[in-house]
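Trainee: Since the structure of chain A is already known, use the hints to place chain B on it.
2 protein chains.
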Amino acid sequence: MTLQNDRFLRACLRQATDHTPVWLMRQAGRYLPEYCATRAKAGSFMGLATNVDFATEVTLQPLDRYPLDAAILFSDILTVPDAMGLGLSFAMGEGPRFAKNVRDEAAVAELAVPDMNKLRYVFDAVTSIRRALNGRVPLIGFSGSPWTLACYMVEGQGSDDYRHVKTLMYSRPDLMHRILEINANAVALYLNTQIEAGAQAVMIFDSWGGVLADGPFQEFSLAYTRKVLAQLHKSHNGETIPRLVFTKGGGLWLPEMGELDCEVLGLDWTVNLGKARGLVGGQVGGPGKALQGNIDPNILFAPPASIQKEVRRVLDSFGTPHTDPNQSGPTHIFNLGHGISQYTPPEHVAALVEAVHSHSRAMRA
Amino acid sequence: MTLQNDRFLRACLRQATDHTPVWLMRQAGRYLPEYCATRAKAGSFMGLATNVDFATEVTLQPLDRYPLDAAILFSDILTVPDAMGLGLSFAMGEGPRFAKNVRDEAAVAELAVPDMNKLRYVFDAVTSIRRALNGRVPLIGFSGSPWTLACYMVEGQGSDDYRHVKTLMYSRPDLMHRILEINANAVALYLNTQIEAGAQAVMIFDSWGGVLADGPFQEFSLAYTRKVLAQLHKSHNGETIPRLVFTKGGGLWLPEMGELDCEVLGLDWTVNLGKARGLVGGQVGGPGKALQGNIDPNILFAPPASIQKEVRRVLDSFGTPHTDPNQSGPTHIFNLGHGISQYTPPEHVAALVEAVHSHSRAMRA
Chain A
976 MTLQNDRFLR ACLRQATDHT PVWLMRQAGR YLPEYCATRA KAGSFMGLAT NVDFATEVTL
1036 QPLDRYPLDA AILFSDILTV PDAMGLGLSF AMGEGPRFAK NVRDEAAVAE LAVPDMNKLR
1096 YVFDAVTSIR RALNGRVPLI GFSGSPWTLA CYMVEGQGSD DYRHVKTLMY SRPDLMHRIL
1156 EINANAVALY LNTQIEAGAQ AVMIFDSWGG VLADGPFQEF SLAYTRKVLA QLHKSHNGET
1216 IPRLVFTKGG GLWLPEMGEL DCEVLGLDWT VNLGKARGLV GGQVGGPGKA LQGNIDPNIL
1276 FAPPASIQKE VRRVLDSFGT PHTDPNQSGP THIFNLGHGI SQYTPPEHVA ALVEAVHSHS
1336 RAMRA
Chain B
976 MTLQNDRFLR ACLRQATDHT PVWLMRQAGR YLPEYCATRA KAGSFMGLAT NVDFATEVTL
1036 QPLDRYPLDA AILFSDILTV PDAMGLGLSF AMGEGPRFAK NVRDEAAVAE LAVPDMNKLR
1096 YVFDAVTSIR RALNGRVPLI GFSGSPWTLA CYMVEGQGSD DYRHVKTLMY SRPDLMHRIL
1156 EINANAVALY LNTQIEAGAQ AVMIFDSWGG VLADGPFQEF SLAYTRKVLA QLHKSHNGET
1216 IPRLVFTKGG GLWLPEMGEL DCEVLGLDWT VNLGKARGLV GGQVGGPGKA LQGNIDPNIL
1276 FAPPASIQKE VRRVLDSFGT PHTDPNQSGP THIFNLGHGI SQYTPPEHVA ALVEAVHSHS
1336 RAMRA
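One line per chain: the protein sequences are A and B, in this order.
Read left to right, the first sequence gives residues 976 to 1340 (our numbering).
Read left to right, the second sequence gives residues 976 to 1340 (our numbering).
Same shape as in the complex, but just chain A (with noise of 0.2 Å):
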């Protein structure tokens, strides 16, 4: 079927779009009535992530109330890790938590790449999201980065220290090297039997790269990203497949993330985007990445005037994204910087959607 709004992945590819497409990380979420709903009828979170039809309903939520230009599968970073055999649990308003931890090399002997089947679930919900949409917008699909995972893996939950999965790191670099090595064939896997599925752009999530330090950021995450990229369908049924990288707290190895064999650089809103356009997004004509983010998740906290005020700021420290219909240039997919907050209120996303398709338009004009 033909795709009637084709703005995301022509931006994630640096062509020209009439307006600036906008997405938000956890669009499907808890900030909406119906999700709770759908949610309340699943009975937990993983009864919804694996069930197709629930999680189909839930990926569709968003679209239906706001003019977003992209659907992203609804699911949970933590999937492989658990298809992993570590038993991913929910409990009601805690984070994810893990049966088993990694913290040693007994452990770490027993991981190996999952069989693709335990997350059919995955796959499915793919394609029946693609065909639910029946091409409204692009289906995004997604994953943890190696770290990442590596980080609940160790961890066995959230943390804020990281104490267990940095001390593994710093102590035996050998044992998480194997962690990570594993992890990323397993993500690779996993993304690209989603493509398979049907998911039409990738995203990588290195939502915990920002904790390492500068010199292990490269070694244990981006090298790992890297491996992950490198193995990823470029694309499938004859249409490029854009893959994304978003790294949260990224914002100083941008020059670096600049080299990564992907298409759209991710980032927080601690990153002035008109710095980032200069570092990596390229000129018209000339190679570069396509850039998305940044707005601080917060400003849906306030009222639609004052978030007009913000997306215009955000927008406007882009600039004016290239319009040339024949060439490749610099492009801005605009989003939140992080995942939207549970305590948002349904109304200021759509003064927040509303004022990006207003005001980008009003830029190329």
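Hints are supplied without guarantee of correctness; some may be wrong.
Where chains are identical, the list cannot tell them apart; a pair therefore holds if satisfied intra-copy or between any two copies.
[Unchecked claim] Restricting the straight-line Cα-Cα distance to at most 30 Å, the calculated cross-link-like pairs of lysine-lysine (DSS-like) are:
{"#": "1", "residue 1": "K1284", "residue 2": "K1202"}
{"#": "2", "residue 1": "K1093", "residue 2": "K1016"}
{"#": "3", "residue 1": "K1075", "residue 2": "K1016"}
{"#": "4", "residue 1": "K1209", "residue 2": "K1075"}
{"#": "5", "residue 1": "K1284", "residue 2": "K1209"}
Hints were generated in silico from the structure; no laboratory data involved.
Mentor: Leaving out everything else, chain B in the frame of chain A:
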């Protein structure tokens, strides 16, 4: 009395030293059994901080164990808002909490620069510690930055999303500016009074500056750090008082921080010290900032051989400091990139300090 070890102060002023001075943020803390013993006697954290004898005792404890090159006042960054009447307390095993928070016009209208007599216990501790140090090493005084204090004042406690303070900032920037103006004047007066009581250097901890977006950081954090610096004593009793500024997560703003009227910039572990030196460290005979930091405190969970290796890597990334006895030039003060963890094995700190001293001497040879 004469200072027996002036390496820290010399490095702050970009003067050559025979080894790189080292001290550790939160060096007097829970990882030391003797600290825990004193705290048990004091009954509570505030009982410890407000008792001059206890505060003196714990400030000197790490110096008795390790050949550190500076002492830092034992206190908390939240003493100033406590003196404003917000009611600071520390529940066992939890972070700080205020009885009152500041989220609306009425609460902001009640704020004022506190009477410094309410903070007399801090200044008395400074004087007592100076006396007890008897010239062994210099004493650093400190305060939270206006923005960091505002975070706690609005949130009422620590936060992982800074939702309330950012809601106020984005919705009512006028109120936020009013809070920050009062905080800046309070912090300047607080630090000046510490200097008058005997502090030989002062450090501003902008612990939460890094949670701000580019744009808001400059407007709501950096501008008020600048207002503090503009009011600080530059010397006391004929001695220059170096001023240190540390914005955790602020690496992207280093070029702008290089313009601050201060002597030293603190850096966290995400920053490459060699690049930072290139940006703001200056040349021999020219202006610039001394740099302080930046090893990941989690290295202290690894065995001594790993600690030594990482210390060398961090020292090497800065490169050899200048050694010209007749001119100022690039200097480095070794520190962690964040406070030391309560779970740190004390003997690992000894390995770190020894490695800094020995490797940095070898680099100069």
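Trainee: Now, for every hint given, state plainly whether the structure supports it.
Mentor: Do the hints match the structure? See the list:
no. : hint          : in the structure
1   : K1284 / K1202 : between (40 Å within a copy, 26 Å between copies)
2   : K1093 / K1016 : within (23 Å within a copy, 56 Å between copies)
3   : K1075 / K1016 : within (28 Å within a copy, 40 Å between copies)
4   : K1209 / K1075 : neither (35 Å within a copy, 56 Å between copies)
5   : K1284 / K1209 : neither (38 Å within a copy, 40 Å between copies)
Going down the numbered hints, you'll see the structure goes against 4, 5, while the others check out.
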